[in-house]
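Q: Sequence:
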Amino acid sequence: MNQDEFTKLFKYMQEMRSEIRAALEQKADKRDVDRILSGLDRLAAQADTDDTERLALSSQVNRHEEWIEQAAPKLGVSFEPGT
Numbered sequence: 001m002n003q004d005e006f007t008k009l010f011k012y013m014q015e016m017r018s019e020i021r022a023a024l025e026q027k028a029d030k031r032d033v034d035r036i037l038s039g040l041d042r043l044a045a046q047a048d049t050d051d052t053e054r055l056a057l058s059s060q061v062n063r064h065e066e067w068i069e070q071a072a073p074k075l076g077v078s079f080e081p082g083t
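Residue numbers for the sequence shown, in full-length UniProt numbering: 1 to 83.
Everything labelled a hint here was simulated from the structure, so no lab data went into it.
Fair warning: there could be bad hints in the mix.
Stated by the list, open to error - Below are the DMTMM-like pairs computed for lysine to aspartate or glutamate, each with C-alpha atoms no more than 25 Å apart in a straight line:
#1 K8 x E19
#2 K11 x E25
#3 K27 x D41
#4 K30 x E19
#5 K30 x D41
#6 K27 x E15
Let the sequences and hints guide you as you build the complete structure.
A: What follows is the structure, encoded as structure tokens:
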């Protein structure tokens, strides 16, 4: 290998090294992934809580509607469920 070929190879290797470093700087590290996973865990927990609350509210509305259906005739009020 003559000096000119060695110089070309050396420059090429330096360029590749710079490109690899630039790519590694953009790559997410473990802390980034952990932070994303923690955020997803919080969102999943909040969604679970919201689902539980929505089920409780739905049950409460159904219970109130049943009471209204029972009370309406006794109070002399017409009541049509679902309207």
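Q: None of the hints should be skipped; say for each whether it holds.
A: Status of each hint after checking the structure:
no., hint, verdict
1, K8 x E19, "holds (17 Å)"
2, K11 x E25, "holds (21 Å)"
3, K27 x D41, "holds (22 Å)"
4, K30 x E19, "holds (21 Å)"
5, K30 x D41, "holds (16 Å)"
6, K27 x E15, "holds (19 Å)"
Figure legend: structure checked against the earlier numbered hints; every hint is met.
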